[in-house]
Amino acid sequence: MAAGGGGRTMPGMTALLAALIDLDGRQRYLHSGWFLISVANLVVVCLMIGVFVLAILLPFPRDRGDE
Amino acid sequence: MKPTWTGRVREAAVAALPPERLLPDTQPIYVSSWIYVFGVLTLASLAVVLFSGAVLALAGPAWWHGSSVGHFFNSMHLWSTELFFFFMVVHLWGKFFMAAWRGRRALTWVTGAICFLLSIPTAFTGYLIQQNLDSQWIGVQAKDGLNASGVGAFFNVLNYGQMLTWHVVLLPVAVVLIVAGHVLLVRRRGVVPPP
Amino acid sequence: MTAVAYPQRRYDLVKEATLALAAVTILTLALSFVFSSPDVKPVTVAQWATKAPHDFLATAVSELDGTSGTATYGPPYTHVPGAGQNIVDHISIERAIGVQIPIDPARAFVLEPLSIPAQTSPRLALALRIYEHAPAAERQTWATRFARALDRGVFGRGPRYGPLPFMMASLLAMARSGALDGALVTTNRFYQTNFTKSLLFLGDGSYLEDLAARENLLGSQWGMMNETGNYPGQAWLWLYTFWYQVPPFSTSDDADAQIWAIMAILSLAFVCVPFIPGVRSIPLWVPVYRAIWRRYYRTAAAAAGPGPAEPGSAGA
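Those protein sequences? They're chains A, B and C, same order as listed.
If you use this note's numbering, the first sequence closes out at 73, no skipped numbers anywhere.
If you use this note's numbering, the second sequence closes out at 534, no skipped numbers anywhere.
If you use this note's numbering, the third sequence closes out at 339, no skipped numbers anywhere.
Note that these hints are calculated values from the structure, not bench results.
Everything numeric in this text was worked out from a predicted model, so none of it was measured.
No residue lacks a Cβ here, since even glycine has one placed at the ideal position from N, Cα and C.
If a hint is listed, it holds; no wrong ones were tucked in.
Partner residues are not named here, just some residues of chain A that face chain B (Cβ under 10 Å, in silico):
| id | residue |
| --- | --- |
| 1 | Ala-25 |
| 2 | Pro-67 |
| 3 | Arg-68 |
Negatives, chain C to chain B, calculated, CB over 12 Å:
| id | residue |
| --- | --- |
| 4 | His-77 |
| 5 | Ala-148 |
| 6 | Glu-161 |
| 7 | Thr-164 |
| 8 | Arg-171 |
| 9 | Ala-172 |
| 10 | Arg-175 |
| 11 | Gly-181 |
| 12 | Pro-188 |
| 13 | Ala-196 |
| 14 | Gly-201 |
Only chain A is shown next, with the shape it has when bound in the complex:
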């Protein structure tokens, strides 16, 4: 996808701190009728739901003092 303004700012000395996975590439969206969501946001929402479900279902460690 074309960049905005004049492109991305990536100053020097980026070797250590540059992204390992570049999320500035071609945008990925899911589109169905009037519904449109970015893959990134969909991943976040699915993770939230998944984490919520796991948090409830996963057994919590028993303390030695517990019955």
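Start from chain A and add chains B and C according to the hints.
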């Protein structure tokens, strides 16, 4: 001796939150689910947001565009904010389904909801002061909604200086104060028991 | 539900907080290392004038003939009778509050900036004098003709356009040089922090919007939720942006006012959940709590009653 204001405040504070309630080392046995950790995870995320934001503030709002170290701290600020909302929403879902407002805990829910609602403009003003295309577009778009509600006449999202001070000073202070109130209410009332 | 003391277990609050902080810090560092953060360069008026001169000129002349977005906006920027969104019927908070950030589009975006190079260009100074001393109707005629010529892809020249051709050419040159960017921020004070004029001018054109559309940031693209590139955006704004996608709001001129009114009510309801009958009972009807407290229901309730009374129940 005639009671002093200081003495009265101290006695009221200690009565409301005695040390063993403020910093307990026991909890009810029904607190045994992973859903309970999302409150403290939200707090921890807020701490990282504030720290990374403070580092960005050290060198001013333009620093991170020309410094890879600055860009890294900007990344930390972005991702800790994403984590903050992530954990806060999961915490919110959990507290809703526990009906955690029961037992005189309505104010705990109210302060928590206000935290969420205050966090939104806090994040929003953060996007506005990034000094990039995102900032420009978000400002140009958001002004319409804010103008339509009358707020835009006084809260001008195109005024960079105003948005900077709201984001760095006013809104974080408000969020921290409400969060502190929320946490102290949890300590005061305790964790809601099962119905 | 009254506060009842329950049997207690060992709990280390400080350790929990420390572990949570460590976990979130590590997670944040990892995400920052792996994904970094977006930084798409902002648009300048210079870039706009260079890459989309037709759009720039069309926008500039619309500021003069009063047809631009800012010129027709109404409060809080301009005095336009009847302008401003209605929440319902003719009730408009926007109109009630009125113009608080006054902008004269023709002066702000064209005439005042051109007055700077006019100080060293007698020809431009003369053109501006002719324009400003002409009757309003004649100024309007020049601007309308110039705009129509632009629509046909022609840069209007000749006396039927008055001084506009030279003014517009000068403004375009000023913009391309970068000087207009500075002029739009300038006030009679030294320090500047307000970009209202620059952003309103950019917003009146199509160039910024076209760039935003490519990044899926438009309102019709659920843009409020989105970030540039493939970064996660603001998923928590889903309900705010949802309304803009569905009728009647998707085609309403008052969509902003109506949706913000709806969201204000829903936000208040969210805060007041404990007091709303029905809503506060949802957790009972959808018994997720049974899964959360299954261990307690299975063992503690059967095995123990209330333990020794302690001041409140401490907990996570």
